[in-house]
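Undergrad: Sequence:
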Amino acid sequence: MGAGTEPAEAQCDSLEGKVYLDHNATTPLAPEVAQAVWDAMCQAWGNPSSSHPTGRKAKELIGSARESLARMLGGRPEDIVFTSGGTEANNMVIHTACRHFHESQCGRGDSRGTPHIVTSSVEHDSIRLPLEQLGREGLAARCGAEPARLCPQPAQSSGGAAQGPGAHGCSTDDWQGARGCAGAGRGLPDHRGTQVSPGSPWLSPQFHGPRIGALYARGPGTTTPLHPMLFGGGQERSFRPGTENTPMIAGLGQAAELVSKNWEAYEAHMRDVRDYLEATLEASFGKQRICFNSHFKGSKRLCNTCNFSILGPGLQGRRVLAHCKVLLASVGAACHSEKGDRPSPVLLSCGIPLEVARNALRLSVGRSTARADVDRAVQDLVQAVEQLERDPAP
929 MGAGTEPAEA QCDSLEGKVY LDHNATTPLA PEVAQAVWDA MCQAWGNPSS SHPTGRKAKE
989 LIGSARESLA RMLGGRPEDI VFTSGGTEAN NMVIHTACRH FHESQCGRGD SRGTPHIVTS
1049 SVEHDSIRLP LEQLGREGLA ARCGAEPARL CPQPAQSSGG AAQGPGAHGC STDDWQGARG
1109 CAGAGRGLPD HRGTQVSPGS PWLSPQFHGP RIGALYARGP GTTTPLHPML FGGGQERSFR
1169 PGTENTPMIA GLGQAAELVS KNWEAYEAHM RDVRDYLEAT LEASFGKQRI CFNSHFKGSK
1229 RLCNTCNFSI LGPGLQGRRV LAHCKVLLAS VGAACHSEKG DRPSPVLLSC GIPLEVARNA
1289 LRLSVGRSTA RADVDRAVQD LVQAVEQLER DPAP
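Numbering of the sequence shown is given in my numbering, commencing with residue 929 and proceeding in unit increments.
Honestly, the hints are just simulated from the structure, not real lab data.
Treat the hints loosely; a few may be bogus.
To be verified - As a list, the in silico EDC-like pairs of lysine to aspartate or glutamate whose alpha-carbon atoms are at most 20 Å apart:
hint, residue 1, residue 2
1, Lys1215, Asp1319
2, Lys1253, Asp950
3, Lys1228, Asp1200
4, Lys1189, Glu944
5, Lys1225, Glu1192
6, Lys1253, Asp1303
7, Lys1215, Glu1314
8, Lys1215, Glu1317
9, Lys1225, Glu1206
10, Lys1189, Glu995
11, Lys1253, Glu1192
12, Lys1228, Glu1206
13, Lys1215, Glu1195
14, Lys1253, Glu944
15, Lys987, Glu1006
16, Lys946, Glu1317
17, Lys987, Asp1203
18, Lys1228, Glu960
19, Lys1228, Glu1192
20, Lys1253, Glu1185
21, Lys1228, Glu1195
22, Lys1253, Glu1195
23, Lys1215, Asp1203
24, Lys1253, Asp1203
25, Lys985, Glu995
26, Lys1228, Asp1203
27, Lys987, Asp967
Turn these sequences into a full structure, and let the hints guide you.
TA: Written out as structure tokens, the structure is:
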């Protein structure tokens, strides 16, 4: 790199004395990822569709990132379509499913019928809301006699409960829907030998990459139908046209490389810290005051996630966090952050009582979270609860 092109050396995860336990919302850029993004901005700034050297350099970086992501997922580079994020990828999957159904009906000379789509009550809004909109438009319906697809996410990021084939009373033969945005590094996915149809969205920010996403679809346009929602210059084989965001794609590729090489160590570390967190919560508040909201018999869990409630009046999750001076966390999914003190519909759907769900907190640890961070965070929670109990006024 030439003079004046050195990346900033400041820590990407500098928190000024805070303890960040909200990794399910987003993660700080890994230093290697920040370097990859910087290098792409400085050295591969050309349009990837251009034939001159700057364009070819950008195109090479995109191809390399595609290979890295495919390697992480156990797929092929041609199965990867870069998107702006998981929401776009999910919408593309749902749009494709409905369009493919209607086209297949017309091909049989039958323009009647509505696709019936099976999902779960704990689904992410980027799945649930498009389906509800299609229902209002009469383009989709709940499960009935017509062919259906199953599209639950493999792990629920609010509570941390994992799902798998056979979930929701469906057989493994039905497990063909969109695989959600659980985030690599909290349990590495492998789609080899699975029937992923039509696609699987992945969010780079959830495994220490930049804010960009990708869609995994086996043989898009051939083995698996895939229809674009945007139309333009033909980039991404016309599945997602628009000039590629080379720096962010390069960062995603680097993030995927880190996961492929280190995911077992990442997972073991996060599970150890999460278990220590839960033990420390019980020791600090007492077993009678702590309710873990995703400890379901026979259910697997995300290795990094602890959803719990501190029982007692006036200890709603938002109020507790508002009185914390060190801990940075959330009460649930970031996309629900503007919904006030309404309890998580996911927790209620899982059978958590209303008064318990109101008090829920979600702490999600990361690769760099240490036991010492847990000690500081729990002590902060203890002090916040003590303050609320001394002065219960809003």
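Undergrad: Could you check the structure against the hints above and give me the numbers of any it violates, in ascending order?
TA: 1, 4, 5, 11, 13, 16, 17, 18, 20, 22 and 24
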